[in-house]
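Kindly produce the complete structure, drawing on both the sequences and the hints.
Read top to bottom, the protein sequences are chains A and B. Going by the numbering used here, the residue at position 20 of the first sequence is 20; the numbering climbs one at a time, nothing skipped. So the numbering used here is basically just the index in the second sequence, starting at one, shifted up by 1000.
To be clear, the hints were calculated from the coordinates, so they are not data collected in a lab. Remember, predicted model here, so these are calculated numbers, not experimental data.
One-sided excerpt, in silico: chain A residues whose CB lies under 10 Å from chain B:
1. Arg29
2. His35
3. Trp39
4. Ala117
5. Asp119
6. Tyr125
7. Asn136
8. Asn139
9. Arg142
Some chain B residues flagged as far from chain A (calculated, every beta-carbon gap over 12 Å):
10. Val1077
11. Glu1081
12. Arg1087
13. Ile1092
14. Val1094
15. Gly1151
16. Arg1162
17. Glu1166
18. Gly1179
19. Gly1181
20. Thr1184
21. Arg1292
Glycine included, every Cβ here is placed at the ideal spot set by N, Cα and C.
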Amino acid sequence: MNRPAAPSPELVLEWASTVQSTSDLILRRLTGDYHEDAWGFDEEFTETVFPVFEFLYSTWWRVQVEGAANVPGHGRVLLVANHSGTIFPFDGAMIATAIQKEHPLPRWVRAMVLNWAFDLPFVSYILRRLGGVAANPANLGRLLEEDQPVMVFPEGQKGFGKDFADRYRLQR
Amino acid sequence: MSEKRIVIAGVSTRWGSELARTLQRRPGVGEIISIDSTRPTADLGRTEFVEADIRNPVISRILPSLEPNVVVHCGIVWYPEKGRPSRALHDINVIGTLQLLAACEKTPGLEALIARGSAAIYGSAPGAPAFFTEDMARRFPLVTRFQRDIGELEGYFDNFARRRPEITCCMLRFQVEVGPGLDTPFNRYLNLPVVPTRMGFDPRLQLLHVDDATGALAAASLAPVRGAVNVAPDGAISLSRLLRLCGKTAVGVPPGLVGLINRRVGDFLGSADLYRDGELLLRYGRGCDNRRLREEIGYELAFDSEGTARDFARASHGVQALFPSPRPGSPVRSVPR
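See the structure below:
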């Protein structure tokens, strides 16, 4: 009868350091010792939940991206796309994930989010920590002045109820 | 250049007396005369005190006789308290300002008029700009009583500025102030042993340090610019992070209970109610742009929002030491901040 081999000392050390760094992270979060930028974007939080988006990106939807490197790696960028009738804006999250995974100089992309999302409990602050900003011209202008990459979905609310036949037609 | 004679209205508020004490140390400041209906408790040094109520039309005869070059209006009250309900605030804020403006109209030689207003005029809304600039004041409807009062008052102030272009009229819009030793409903709220927050909301706040608030008011009094100026710190901090820095326990209150809890908390805080502006602020938060303050008035802020929060946390830990925590030396507490 074979007994399972004892884990190697390197493996044990790796586990221990994982436990250590995770508990450090939790303690730091609990004592408020982390960074948020002026817009409320919390990079550490975003990095912590990023594996969820990575899973959706590579395993669930198996996203294919062409020409991600054409997006400038520095300075102001405005990415314009269309949700096409989705209530859950995962396409936006996938664009941000694509920039992270495929781009040679990855940056976190800010998203312009419909105003009422900031009136929903929990959604409001989770979106803000992930880089969501209320969609209005003042915010967009200021983000671009700060040389940030920004995502905009111009169809917005109007795209929610459209017919399947109109799926590639912008609602105005 | 002759020294300026400064009149401070509303000196028995903390902001008025702090301003008087700051200004009398500055060069180029002549006589400082303060006006209020009650005698200030703080020691004001060389500042003279005249007992007068700015709501009374008699102020139109008193103010010209003081021959001021600069008038600073610190008598705008932000929040209701016990014995001073929100209805009374209209009387103090709007009527008081109106009478003061009428008195300023009759004062020859007046160069500048500065008022200490509030950023509450921008309101707190889910789709608001993250940084309000001064021209966005009436973008959202004025929903609370205090907002309408401030809106009315700023309307009178703007009209006065248009009628008398030779007087530099500066309306300062202050963000929420926080600091050790400050006694406002928001500071009392942060000092609660367990802090109730609205479940599912984490407002983005800008915390103005009390020292910066006094410094900015003094800087604007000596070098005023025309129009409104936001007095807000750099950056922003979310309420949850602020409470964690202070080592406070936040309890999310579900929507149905918010009204009840806020009334109870308001009573406990000595404010007649957790006033509606505070309630909205603790739900949606508010951010203001401070470029005019930094570039045109030229005031350098000493603290950003996070710095203010950390300073407040250090001070409030001293208060907590009077009431030792049930588990002294627990690991979470001993983490270096």
